[in-house]
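Can you make the complete structure from the sequences, with help from the hints?
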Amino acid sequence: MTVIFILLAGLAIGCAVSCVYQKNALYSAISLVGTFIALASIYLTLMAPFIAIAQILVYAGAIMVLVIFVILLLNLDEEYKLSRMRYLYYIGALLGIGLLVQTFFIFNTVKKSSATAVRNTTAGNAESIGMAMYTEYLLPVEIVGILLLMGIVGAMIMARRLREPKDLRVEEKE
Amino acid sequence: MQPGLESYLALSGILFTIGAVGVVFKRNAIGLFMSIEIMLNAVNLSFVAFARFYGDTTGQLFVFIVMSVAAVEAAVGLGIIITYFRNKSSVDVDEASLMKN
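Top line first, the protein sequences correspond to chains R and B.
Counting from 1, one number per residue, gives the positions in the first sequence under this note's numbering.
Counting from 1001, one number per residue, gives the positions in the second sequence under this note's numbering.
If you are wondering where the hints come from, they were derived from the structure by calculation, not from laboratory data.
By construction, the Cβ of each residue, glycine as well, lies at the ideal position given by its N, Cα and C atoms.
This list has only true hints and no planted wrong ones.
Examples of chain B residues toward chain R, derived with CB under 10 Å:
#, residue
1, S1035
2, L1061
3, A1075
As structure tokens, this is what we get:
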């Protein structure tokens, strides 16, 4: 179990580093798919099969296909290095070191408390998630539904080509 | 034997760090978008790990909600990127200074 976790964690971290490091946007998108699949496998080992399937369907299936479509549609050049904003290097390095130190402290603190996995086999199947979703947490789910509707409308408004308002201009000239 | 909660939290923290550093270093708008996705996935991993170690389904429910928000973000964000590319012919975020001054 530990060996599987180490392999999957290494795959996830390696693919994430590759995603950030690659200059070509298409390569980083493919690396990101690798991260998602490794995380989905980790969810399976954490007894969350529903979330694992949803991860592959939503992230690797829908979102990344959309991203790759946009990359191919825009026909991007390779990325340049940071030129104008040199201070961003220092900010980024400081942020990364700070977050890693925080992670290390969290690791040590949680290790001392030594929480063990609860033997609860029903938590995580689709039935218990559905029960929680439509009884106790109905309001957040409804809000997410409204958010999805707003996303549909917003994406259509963002991506359409605006027509020139000719009629208005004629009226203004007169 | 299963690794403890701290291993999953460490993996989540490392992935979040990679995503945050990527957001600062990338110039490409699509690269920024993918770094944000890495950060969202790191948070999802810690949700699922807590749900497993405390035997509660709520964490997994909120992972589902985070996924929906990420899908909405993908749709609207990529729409913004396409509109920006149409106006500027590039997706370099350093050049997005229309509202400066």
